[in-house]
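Chains A and B are the protein sequences, given in the same order. Taken in order, the first sequence gives residues 3 to 327; the numbers are from our numbering. Taken in order, the second sequence gives residues 212 to 471; the numbers are from our numbering.
Hints are computed from structural coordinates only; laboratory data are not their basis. Don't take every hint at face value.
Claimed, not checked - On the chain A side, residues computed to face chain B include the following (Cβ under 7 Å):
| id | residue |
| --- | --- |
| 1 | Trp59 |
| 2 | Pro118 |
| 3 | Leu120 |
| 4 | Ser121 |
| 5 | Phe271 |
| 6 | Asp301 |
| 7 | Ala305 |
| 8 | Thr324 |
What the hints assert, rightly or not - Only pairs whose alpha carbons sit at most 30 Å apart, straight line, appear in this in silico DSS-like list of lysine-lysine:
| id | chain 1 | residue 1 | chain 2 | residue 2 |
| --- | --- | --- | --- | --- |
| 9 | A | Lys309 | B | Lys421 |
| 10 | B | Lys355 | A | Lys310 |
| 11 | B | Lys352 | A | Lys160 |
| 12 | A | Lys316 | A | Lys16 |
| 13 | A | Lys160 | B | Lys421 |
| 14 | B | Lys352 | A | Lys316 |
| 15 | A | Lys110 | A | Lys23 |
Predicted model, so just to flag it, every value in this text is computed and none were measured. By construction, the Cβ of each residue, glycine as well, lies at the ideal position given by its N, Cα and C atoms.
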Amino acid sequence: MEQTTNQLQVQFQKRVDEEQKIEPRDWMPEKYRQTLIRQISQHAHSEIIGMLPEGNWITRAPSLRRKAILLAKVQDEAGHGLYLYSAAETLGISRDEMYEQLHSGKAKYSSIFNYPTLSWADMGAIGWLVDGAAILNQIPLCRTSFGPYARAMVRVCKEESFHQRQGFECLLQLSKGSEVQRQMCQDAINRWWWPSLMMFGPKDDESPNSKLSMQWKIKRFTNDELRQKFVDMIAEQIKVLGMVLPDPDLKWNEQTKHYDYGEINWEEFKQVIQGNGPCNKERLEARKKAWADGAWVRDAATAYAAKKDIQKAKANSLNKETQQS
Amino acid sequence: MLQQSIKSFIQQDQQIQYLLHLADNALILSHRNSQWCGHGPILEQDIALTNIALDQLGQARNLYQYAALLITEKTGISTTEDQLAYLRDVGEFKNCLLAELPNGDWGQTVLRNFLMGSYQFFLYQELQQLASGQLKAIADKSIKEITYHVRWSADWVVRLGDGTTESHARMVQALELLWSYTGEMLEPCDYEQGLIGTQSSYIKAAWEAKIAAVLAEGNLVHPTNDWMQSGGKKGLHTEHLGYLLAEMQFLQRAYPGLEW
Ligand SMILES: [Fe+2]
Ligand SMILES: [Fe+2]
Numbered sequence: 003m004e005q006t007t008n009q010l011q012v013q014f015q016k017r018v019d020e021e022q023k024i025e026p027r028d029w030m031p032e033k034y035r036q037t038l039i040r041q042i043s044q045h046a047h048s049e050i051i052g053m054l055p056e057g058n059w060i061t062r063a064p065s066l067r068r069k070a071i072l073l074a075k076v077q078d079e080a081g082h083g084l085y086l087y088s089a090a091e092t093l094g095i096s097r098d099e100m101y102e103q104l105h106s107g108k109a110k111y112s113s114i115f116n117y118p119t120l121s122w123a124d125m126g127a128i129g130w131l132v133d134g135a136a137i138l139n140q141i142p143l144c145r146t147s148f149g150p151y152a153r154a155m156v157r158v159c160k161e162e163s164f165h166q167r168q169g170f171e172c173l174l175q176l177s178k179g180s181e182v183q184r185q186m187c188q189d190a191i192n193r194w195w196w197p198s199l200m201m202f203g204p205k206d207d208e209s210p211n212s213k214l215s216m217q218w219k220i221k222r223f224t225n226d227e228l229r230q231k232f233v234d235m236i237a238e239q240i241k242v243l244g245m246v247l248p249d250p251d252l253k254w255n256e257q258t259k260h261y262d263y264g265e266i267n268w269e270e271f272k273q274v275i276q277g278n279g280p281c282n283k284e285r286l287e288a289r290k291k292a293w294a295d296g297a298w299v300r301d302a303a304t305a306y307a308a309k310k311d312i313q314k315a316k317a318n319s320l321n322k323e324t325q326q327s
Numbered sequence: 212m213l214q215q216s217i218k219s220f221i222q223q224d225q226q227i228q229y230l231l232h233l234a235d236n237a238l239i240l241s242h243r244n245s246q247w248c249g250h251g252p253i254l255e256q257d258i259a260l261t262n263i264a265l266d267q268l269g270q271a272r273n274l275y276q277y278a279a280l281l282i283t284e285k286t287g288i289s290t291t292e293d294q295l296a297y298l299r300d301v302g303e304f305k306n307c308l309l310a311e312l313p314n315g316d317w318g319q320t321v322l323r324n325f326l327m328g329s330y331q332f333f334l335y336q337e338l339q340q341l342a343s344g345q346l347k348a349i350a351d352k353s354i355k356e357i358t359y360h361v362r363w364s365a366d367w368v369v370r371l372g373d374g375t376t377e378s379h380a381r382m383v384q385a386l387e388l389l390w391s392y393t394g395e396m397l398e399p400c401d402y403e404q405g406l407i408g409t410q411s412s413y414i415k416a417a418w419e420a421k422i423a424a425v426l427a428e429g430n431l432v433h434p435t436n437d438w439m440q441s442g443g444k445k446g447l448h449t450e451h452l453g454y455l456l457a458e459m460q461f462l463q464r465a466y467p468g469l470e471w
């Protein structure tokens, strides 16, 4: 007997509640599928766009060791993009379609990557703050209800925590360096701090997608909960650097056992999402250019593979004929 | 700038010159390949080329570290890999011209990697036999990586050469552009004579056979022009290297003597 959608939905929620993983072939509510496609592809795009601001400094890294670390890091981000695109593809969307959505501006990516990398210290600040914020967002995703997404995140998280440590170590070196290096370090922290806080998304009372995502266990903590965790973590770590966070309202609250922090500039957040960040156009143009410039390469690869297939098929049938005769 | 006493020492020591030559080839090629990171035509290939750039950077570092160690031992002046990479000017770099040319399109990039990687493959194979100690160890490690670089780039040369009309035309053009820079790799200069001089004609023949085979498989006509550009090995470079170094060495030059 055909099960009604209602029954399926109840069963689905029951499985989610029991912490069973939902797999691509399982029945799922259409909205669940769409939410995941949106979230995973956005996440994949963020990894790929995220290669650009750091990629900027590969050719200018100040030592061969730092260059190797940075190059490997940016390559890791490409790998993250790859796992995530693959996870999204299990939901019935192709990578080309996702690219198309990115290039047309329909799909979003993390706004943080629309800020410029102006000095070497930005490589440290991004690793420490941006990868640091990403980890807090992503650790709960290792247990997210959709199996392929959860499994991709396990691999990603391992590498992200490595990136954060490397970023911190890069800043630590600067903080112990010359006056110029310490200034560089503080300046980078000043510029990346607020945008990092924005990475956790709008406040809970203004976050439209949160409630359902929590119910489906795609999300497990609210934006504000994660943001608070991040502030608490960074407010402690910065002491080791001997630097300060650019927030006069930041202070320990004995009662809540958390750090209080100042009001985020939500107008800036909105503007950057709408495309008015300092590098929105450049980032998207760089991706579109790479895609357009690569078209002839992809065409040639396809044409060549097709030729080889035909040759193989011919050889096979020839083989059969000779065997039969 | 590199200390004058180290500079003079390098000018007199052919072993160091040779190590720097090998290291510079690897570093400059890595630099060019790393410029693709984030801009490749296919995500998997972006990752693959970055991998190659990382291998080459690792090779360069091994060689610079070894050279720095020898310089330190022989002169008593403590020298580092970074000083060798970041504080020498254009005229002191000893890489082949082929390594420093701009990337061009994807076809030109994979072709350069194929032409140069194949040379490195036969060279390092010889070094495994002829070198000893640290250099042999570096050759042993590098040859595994280079074997993969050659396979990857040869596959792309064939795929693009025998792909579409456009890709074929682009490969013909790339081949025409790069060909006159290949001769320099195969003509040993003074500091190469000592170690691999006796094997240079073997390396040349092996390289030519490999190139001919892959070009044929990719439907590409073997170039006939045999006028070859040269000079890189002795510090006489194209205009491109100055810009490359200005970018690469910027921080070390702007803020001398700091730890990063
Ligand atoms: Fe990542
Ligand atoms: Fe990361």
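Now for the hints, and whether the structure bears them out:
Violation of the interface hint for Trp59/A is found here, the shortest Cβ-Cβ separation to chain B being roughly 9 Å, above the 7 Å cut-off. Proximity of Pro118/A to chain B is violated relative to the hint, the smallest CB-CB distance being about 15 Å (cut-off 7 Å). This hint is violated: Leu120/A has a C-beta 13 Å from the nearest C-beta of chain B, more than the 7 Å allowed. Look at Ser121/A: its Cβ only gets to about 9 Å from chain B, farther than 7 Å, so that hint breaks.
A hinted interface residue such as Phe271/A counts as satisfied when its beta carbon comes closer than 7 Å to some beta carbon of chain B; here the least separation is about 25 Å, so the hint is violated. Hint status for Asp301/A: holds, given a least beta-carbon distance of 5 Å to chain B, under 7 Å. A hinted interface residue such as Ala305/A counts as satisfied when its beta carbon comes closer than 7 Å to some beta carbon of chain B; here the least separation is about 5 Å, so the hint holds. For the restraint placing Thr324/A at the interface with chain B, the shortest Cβ-Cβ distance is roughly 25 Å, beyond the 7 Å limit, so the hint is violated.
Restraint check: the Cα-Cα separation between Lys309/A and Lys421/B comes to about 23 Å, which is no more than 30 Å; the hinted pair holds. About 28 Å separates the Cα atoms of Lys355/B and Lys310/A, which keeps this hinted pair within 30 Å; it holds. Under the criterion of a C-alpha separation no larger than 30 Å, the hint pairing Lys352/B with Lys160/A is consistent with the structure, at around 27 Å. Between Lys316/A and Lys16/A the CA atoms are separated by roughly 53 Å; this puts the pair beyond 30 Å, and the hint is violated.
Simply put, Lys160/A and Lys421/B have alpha-carbon atoms about 41 Å apart, too far for the 30 Å limit, and the pair is violated. The suggested pairing of Lys352/B with Lys316/A is violated, with an alpha-carbon distance near 41 Å, which exceeds 30 Å. Proposed proximity of Lys110/A and Lys23/A is supported: the alpha carbons are some 27 Å apart, at most 30 Å.
Checked against the numbered hints above, the structure violates hints 1, 2, 3, 4, 5, 8, 12, 13 and 14; every other hint is satisfied.
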